[in-house]
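**Q** Residue numbers (numbering that gives the first Met the number 0), protein chains in the order written: chain A, 0 to 490; chain B, 0 to 906.
Keep in mind that the hints are not guaranteed to be accurate.
[Unchecked claim] Which residues of chain B face chain A? A few of them, derived with a C-beta cut under 8 Å, are:
| hint | residue |
| --- | --- |
| 1 | L813 |
| 2 | A816 |
| 3 | I861 |
| 4 | V895 |
In case anyone wonders, no lab produced these hints; they're calculated from the structure. Idealized CB from N, CA, C, for every residue including glycine.
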Amino acid sequence: MNSLNHPRCTGVSRRTFLADTGMGFTGLALGALLFKDGVARGEAPTTFNPPDGKPHFTPKAKSVIWIFLGGGVSHVESFDVKPELTKYAGKSIDDTPYKDVMDPKKLRITEANPAHGGRKTIMGLNTGYKPYGQSGLVVGDWFKHIGECADDLAVVRSLWTAHNDHGAQLTWHTGRHPRDGGLPTIGSWISYGLGTLNENLPEFVVLGQPTNECCGGTWTFGASHLGPEHSGVRLGTDPKNPLPFITPAGNALTLAEQRENLSLLGKLNQLAGIEYPDDKDLRARIKSYELAFQMQTAVPETVELDKESAETKSLYGLDQANTKPFGEQCLVARRLVERGVRFVQLFHGSNSGGGAWDAHGGIKSNHTKLAAEVDKPIAGLLKDLKQRGLLKDTLVVWGTEFGRSPGAQGDGRDHHPQGFCAWLAGGGVKGGITHGVTDELGFHAVENRHYVTDIHATTLHLLGLDSHKLEVPGRKRLDIDHGDVIKEILT
Amino acid sequence: MKSTHIVWSLPPPIWPLLCVLISLAAATPSRATPANKKALATHLDSFLPAKLNQCTTCHLPSDKKAPALLDEFPHNPFGDRLRKVAAELEAAGKRPDLASRLAVIASEDSDGDGVDNFTELLLGTGPGDAKETPKKSDLAKAARLRTDFAKAQSVYRWRPFEPVQRPAPPKMATAASTKWARNPIDTFVAAEHERLKLKPRPEAPKEVLLRRVHLDLTGLAPTPDELDAFLKDTSPDAYEKVVDRLLADARHGERWGRHWMDVWRYSDWSGWNDQYRDSTPHIWRWRDWIVESLNSDKGYDRMVIEMLAGDELAPEDENALRATGFLVRNYKRYSREKWLEDTLAHTGKAFLGLTIGCAKCHNHMTDPIAQREYYQIRAIFEPHDVRFDRLPGEPDAMKAGLARIYDAKPAAVTHLLQRGDEHRPLTNAPIAPGALALLGGTFKVEPVTLPRLATQPDKREFVLKETRAASEKAVTDAQAALTKLKPEASANDRAEAELLLDLAKLRQQSTDLVLRLESLEDDGKKTTADWTKLATEANSIQRQIAAAEARQKLLPLKKAEADTQTKHDTAAKGTDKAAQDKVSKELDAAKKKTVEAEKVLAVVMKELAAPATNTFKPRVITSHPATSTGRRLAFAKWVANRENPLAARVAMNHIWLRHFSAAIVPSVDDFGANGRAPTHPQLLDWLAAEFMARDWSMKAMHRLIVTSTTYRMASTPDVANAKIDPDNRFLWRMSSRRLEAEAVRDNLLFVSGQLDMTRGGLEIDNKLGLTSRRRSLYLRTAAEKEVEFLQIFDSANVGECYERKQTVKPQQALALANSELAINQARALAKDLAAATAPDAFIRAAYRRTLAREPRPDEISICREFLKKAEPVDTKTTPAATAIQIQRARENLALVLLNHNDFVTVR
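Excised from the complex, chain A in its bound form (with noise of 0.2 Å):
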C-alpha cells in the first residue's frame, strides 16, 4: 500500500488527477479528502510520472489548428505542381525520359498502390498555376486565396505514407493503420504533454464531421492508451446547438445545485474509484463532468460568431453558402485558440465512404468544388490570425492522407502514396519555402523524403514537446512512430 501523502507516490500528475487544486472547484475539497483518509485502498499501478504539462524546452508555438482533406487532394495541382504533366499528358510514362518511377527498386513503400502498373497514362494538369509573394511559392489555381499566403508557408513536397488506402487518414493522424488498432493521435499527445489553458473548454476539439469508420473513424481523434480524456470532443458550430444536453432540461436545476451535485459526484467517484487507482475511464469520466459544466456557459460563447464584424465573416467566406460551413469552422477554430484551446482538429470531406476528395474519376469537378469550398476559409483563417497577431503563437497544419497519380484512371486519379505534400504555416515555422522534393512527375519523394509522423515529431518540437520523452512504459514505439522533427522548416 502506498501513501497518498504526495500525489507523485500515486503515479497520478498534478495534472491528469483532480484531487489537487489545479483544476476544477471540487479539487481541493477532495485532495483534502485523500489526504485525510491517507490510504489507497486500491494498490498503485506505478512509479511512472505522466507529464507534468510543461515543455520540454521553450516553445514556439501554444497551439495547433490541424486541417484534414479527406479522400487524398491531388499534390501535382495544389502545391507541388507539376509543369511536365502537362507536357507529356496523353503518353504512357514508359515513353517520357522519367520511366524509371516505375522500377520496382523505386517503389520501395511496403503498400505502394499495386494499380500503378496501370495508371502509366500521364494525365495533365487540370488546373492552372502561379508563383505567389515575394517568395514565387507555385501553388495550383484551385488554391487561389492560400497562395495569397504563400509567403507564411512552408511546404513539405516529399511526404510519403505506408498503406495505399483510406486507412492511411489513421495514419496521418497516428502513424499507422487502423489495423494496428487505434493509437494515441497527435492531438491527443499534445493534450496529454501540455494540458490545457483553459479550463472551460477541452485542451482537444474536434470540429466538422470525421472521416468514416472504415478511414480510423472516431480514433482519428483518439487517444488509446494515453486514456479517454486525451481524446478529442467534437464541436458543432451551432451557438444553438453546439452540443446536446448543454444546459438542463425544462431548468430543472438551479445552476447553484448544479454545482453542487458536481461537488458531490467527486466525492463520490473519488471514494468509490479508490480501489481502482488505475482507471483511465474514472480520472477521464471526473473530467469530463468538471468540463461539461464550465462547457455550458463556455461552448455557447465561443461558437457565437455573431460579434465578428462583417469583414471577418466575409474572410472566411461565410457569406457564401459554398465556403460558409468550413468558413464556420475555420472561425471558431479561431475562436478556440484564442481561448487557449490546444490543438483543434478540422475536417473537411469525410463522407460514408473514402473521403470526398477521391477523385477516381472527374478529377477536375470533383477537386474544382471542394477546393472553392475550403480554399477561401484556410487563407481567411491565415490572415485573420496573423493580423490579430495569433500567427505567431499558433501553428497551422495542412493535410491529407496521400497524393493523387500522375497517371490518369480514367478522367481522374487514383491514390499515390509515394509522393505528396502538406504545409505548415506560423509559430516557428519559416514562411514561403519549400522543403523536400518528388520527381518531375510528382511520382516518388526523391529527396528529403519524409514519414507522415515527422510532421508530428515537427509539430510536437514547436510546442516544446519531445515524443521521445512522452514515453509511456510499455508502450515502446518504433522510431518510425516517434518521427524525425523537420529542422529545415524552423525558423
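Use these hints to put chain B onto chain A, whose structure you have.
**A** Chain B in isolation, oriented as in the chain A frame:
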C-alpha cells in the same frame, strides 16, 4: 476417396485446369494432389525450401506437357510411400492428414540415397530422387533445422482457414494454476499466465460479481432483493444458480439480441418522408425473431441458415421467414448494386470474418479469394428480392406485413464486373453460384419447389377468411347505414343507401363465388359441371354489380344536374349576363356528364339482359415463382457447418468479446491475413469445437464462460501484472468497462422502477427516446433516425458495427446530468424511496438501487451532509415547504448517483 475418383475419370483436360478443379472440389482435400502440395507448404511453412515446393517433390517429372490422367504423372518413391501410408493410417482409424503421414515416414529413406526423407526435405534435396543428396557440409545444418522446426511446431499455430480441431486443454505447470482452473477455459488462460508470469487477481467480491453477471446476461442491474438473496446464499453453487436464473430470463434475449443486432447490422428503415429507401418497414419482426431465438436457445447454425435462407428452408413458416430480415435489411431502393454489395460484404464479415467485399474489384490482396469467387457468391444472391406478405388482421401488407426474402428472379444471371464496375460486366461468361474454395466444405445447390401457399400467399386460409369476412362486413355496414337514415331523409339519399346495400350484397355473393371457383380450379376441377354452374352464376352476379355500379355513379350526377338547373333558373331571372353565361356552361357540362354515365349504364344493362356465360373476373392475387433456386440454402448450409473453419470461430470470438470486452481475435470482422493475431488461438479453437459439440448452443457457452474462474476475477489493478501486460490482453484480471448505450438508458429506467418490460413489437419513434419507458432495443434505429442520447454513448453505427467503442466524453456527462430522461428518473427514484424517511435509510436504499451495493460509511456521511445542507436553516419554514426542499435534495442525490462512475461502469 471420392474426389480422387472424380479426378481420375475426367476426360482429357489440361493439367493446370485439373489443379483448379481439385482445389475447387475441396470437400475432401487431404489427398487431392494440389491440395497435398499446399498441405506440405502449410505444414513445413518457412522450413520448406522453395525448390521443393513443386509437383516433382512427390511425382516423377512428366514428359507430357498436359497429362490428362494421374497415371501419366506417377509418384516418385517418396510420393508413393506417402500415398500408401495414408491407407495404412486410415485402416488404423487415424486421420491420414499430411502431417501424420509425414511423421510416419520422416526417418525412412524412400529414395535409398542414404539420407532420410525429413533431412532431405529440410535441406531441399528431393526425398524421392536418389540423384539428389545433400552436401556433407549441410548435414550439420539439418540437426539445427530439426530443432528449430520442432520448436516452431510446439507453438500453437493459428490456422483459421482450416477446419476446427479441438486442442487438448493444456496441463498446468503449477499446483496453483490447477487449483485456480475451474473449467477448460481457465486452463488455456492459466497457461498464458504461467508463460508470462502473470498472477491472476482473486475472485471479485460477491456484489461486484452479481452486478457484473446481471448486466452481462440480461443488461439490467440486480435489484436489492436479488442482491440480498445472493449475499445470503452460502451454498457452493449460489453463483451457478444465479447464472441459470439469468439465462432462463427472457430479458437475456433482449440483451444478447442487441449484441447480435450490431453484428447483423439491424436497421429500421430510413428514407424520404414515407418512402423507404434503406432497409424496409416491418423489419422489427426480425428483431423479435432474434430475441425469441436466443431465449429459446435455437442453435446458432440454425439461426444462420434461417437468416440466409429461411424462405427456402421453411417456406410456410412465418416465424422462420422473419429471420430473412438479415437480408431484407440490405434493401436499397436506388441501387441494386450497392444492395448486393452490402449483402456480400456483410455476410462475409458477420458469419465468416472475411473481407470478401474486397474481391469485388480485384482478387483479394491478402487472402486467397479470387475476384471470380466473389461473383460466384453474388450469383447465390442474384435472384433474391424483398416482398411483403400479408399477416392476419391487416389486409394491407405495407401497413403491417412481413418483410421477407424470396427468389424473385430465379433465372437472373451474374457476370463478373471488371474492376467491380457495374457498367463493365463480362457478359460473355455467366458465373455459376459457388462458395469459397479457401474454406473447403460442400456447396450443393438443390432447387426448392415451393408449396402453393408460399407462392400464392393470398390463398392462405386466413386471407380467404378475412376476404369473406370483409365482404360480409360491408353488407352489415350498408344495412346499418340504411337503417340509420332518418325518416326525413331525401328520396335521393334513401335511393343511394338502398343501392349501396344492393351493391354490397352482390359483391359479397361475387366474392363467395369467386373463392369457391378458385378452390375448384386449384383442385383441378376447372370445367367440371360444378365449376360451370358457379362460373355462370358469378358472371351473372358480376354483371349485376356492373349495372349497380353504373347506377351508383349516375345518381350523384343526376342530383348535380338538377341542382345546376335550379341555379340556372334562378340566374335567368336576374340581369347579370356574365353569371348567366357561367351557369349555362356549368349546366351544359353537368348534362354531358349525365348523358355519358347513362350511356355506360345502357351498355351494362344490355349485357345484363344477355344470357349469362361462364366468364368471370377472378380474384386479383399475386403469384410468385414456384421454385426457389436453393442457392442461398446451399450457401447457408455451407456456412453454418461443422466443416466450415470460420463459422464457429467467428461466432465464439464475438461472444467472448462481449463477455470480456476484448476479443480473442481483435479484428472481429477479419480473420484473414489483414486481420490481427489472436491472443489465445488455442482457446478460441477449443471454444469453437465445444460450441459445435454442444450443438451450437449459445446458452451453454455463455454458462461455461461466466462460470469460469477467468470471468469471476476482480478487476482491481496489480503493479507487477500491469508491467508485463498493461492492456490485460492475457486476462490477469477482469477488465472494467463502460455500459453500452442501451444499457445506460435501460438501467436509468430500471433502477428508478420505470422500465416498461413489454417485449417486442413495432419499433418506437426515435423522437421518443427520452420519454418512452421501453427498453432501448425497441427504439427506432436507422440512418438519420437515431436516438441522440444513445449515440452519445456510442450506440451502434447502423451501417457497420462489429465492435462497440467505449469513449468517455463531456457530452456523456451532459446527457446524464441534464437530459429530461435522467432528471425524470431521478425524481421517480426519489419518490419511489419515500418510505425511507431517515436520511441514512434513503442513502442506503438509493445506493442499493442504483449501484447494487451498500454504501460505505464514508459515502453515507458525505451524502448525509449533502442532504442536510438542503434543510432550511430558517425555523419559520413551514413543514410543507421543508418537505419539498428535502425531497428536492433527495432527487438531486438520486441524480448524482445515476451519474456516478459506478453506475455506467461494470467492474
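**Q** Against this structure, judge whether each hint is valid.
**A** Verification of the supplied hints:
no.	hint	in the structure
1	L813	holds (4 Å)
2	A816	holds (7 Å)
3	I861	holds (5 Å)
4	V895	holds (5 Å)
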